[in-house]
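Enquirer: Required output: the full structure, derived from the provided sequences and hints.
Those sequence lines, one after another, are chains A and B.
Per the working numbering: the first sequence ends with 1383, consecutive numbering throughout.
Per the working numbering: the second sequence ends with 141, consecutive numbering throughout.
With a straight-line cut-off of 20 Å between C-alpha atoms, the simulated EDC-like cross-links for lysine to aspartate or glutamate are:
| hint | chain 1 | residue 1 | chain 2 | residue 2 |
| --- | --- | --- | --- | --- |
| 1 | A | 1306 | B | 39 |
| 2 | A | 1224 | A | 1177 |
| 3 | A | 1241 | B | 89 |
| 4 | B | 36 | A | 1312 |
| 5 | B | 131 | A | 1244 |
| 6 | B | 131 | B | 107 |
| 7 | A | 1141 | B | 25 |
| 8 | B | 22 | A | 1130 |
| 9 | A | 1141 | B | 78 |
| 10 | A | 1167 | A | 1259 |
| 11 | A | 1241 | B | 90 |
| 12 | B | 131 | B | 95 |
Here are a few chain A residues that sit away from chain B, every Cβ distance over 10 Å (derived from the structure):
| hint | residue |
| --- | --- |
| 13 | 1101 |
| 14 | 1103 |
| 15 | 1112 |
| 16 | 1200 |
| 17 | 1205 |
| 18 | 1212 |
| 19 | 1218 |
| 20 | 1357 |
| 21 | 1358 |
| 22 | 1360 |
Sample of chain A residues lacking proximity to chain B, with all beta carbon distances greater than 12 Å (derived):
| hint | residue |
| --- | --- |
| 23 | 1116 |
| 24 | 1123 |
| 25 | 1165 |
Just so you know, the hints here were simulated from the structure itself, not pulled from any lab data.
Where is the CB? At the ideal position from N, CA and C, for every residue including glycine.
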Amino acid sequence: MAVSMRDIKRKIGSIQKTQQITKAMKMVAAAKLRKAQEAALTFRPFRNKLEQMIASLVTSTSHLENELLRFRDVKNVDIIVITSDRGLCGAFNHNVLKETERLMKTKFSGKNVNLILIGKFAQTYFKFRGIKPKEAFSEIIKDRAEYSKASEIMDKVIADFLNGETDEVHVIFNRFVNVLIQRVTVKKLLPIMIGDKVPSEQNMVEKFTFEPDKETVLKELLPKYVKMELYGAMLESLAGEHAARMTAMDAATTNAGEMIKSLTLEFNKARQASITKELIEITTSIEAMKQ
Amino acid sequence: MPELNLSIVTPSRKVFEGVAEYISAPGKVGEFGVLPGHENFVTVLDVGLVEIQPKEKDKFKILIVGGYFEVTEDNIFVIADEIITKDEIDRDEAKRELEKYKSELSSLPFDDANYERVSRLVKKFEKMLELAS
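Expert: In structure tokens, the structure reads:
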């Protein structure tokens, strides 16, 4: 007998326990996913509404006045990387980090890249590689993403952009497509790109009176819009994280089940072998006594 | 009788959705009120109290911290950065915070980058106490 029966039994027991844990984690992730997904979906219409209004304002005002819309020679780039705080969610974090490194080597090579990291995973990853982030936040996206946090982070980023310390700001995150698919997305936050891509009603601007005037409204709305973009990315990432964890835990539960199956088979074989062995011993001893 | 369809939201939650007869809000250039039949307009909001008179219910106030206000044919849409309702306020906490930011503000020079941010916070907690009282 290669492995003793007791060993196999212990192994089965421990795998069963693991399976229970992964099963529970899957359920928890599923429950959290529902909430996060709802938050992400209810947020989209507001964002679109604001985007439409801004788009029609941008096309109808002399928006060159506004710093947040102005393109510059790109020397310094800020990248906001959104990962999760906790693991066990498959390749979720890894995909984002890989994309970040790829961008640093290709598109932004030769430029001064500063990282703003959200989530523990990004921090440990870049710490290990000896890259010091400009800023790092963890434990800010827990059960729900907070708009006030997004606003806080963006306040600083916008200030740096206006000071001329950074010329471009991007955000990298997992977009929640559906439960099985999270797509790594890179989005340019600053300078704000808007206009052609947004279908805006021609008469939207004429329809309204603006108080005090269009320029002031636009100036107030743009930072809000950028903050909402980051908040939206946080929501998407949170929903994606739970979805990824759910899929990963589902796979783990299935794998554990398969392992238990094959181990039970092995256990039965070992038991049968020991019974056969005992029988042989008994019969041979009887045969021996007869003589 | 004409009425207003009101929806007040922050990025993370819906605060009020329903039919109202009157709403007043703190605009950047002064407080204003909207009754049914108001012309279409768009403005940005300051920190302050919003008063709502819902249809056939008691009127109430909420604290709004900056936002976007839009009226389109009696449909009112407000996106606020932050909204605080009366029962969410902890008076002692608000008082402490107010004192803290007040003293911070008095030590800042007018041209400091943080001056505007802190004075907004002072205003927020002042209004908070006003709402709670």
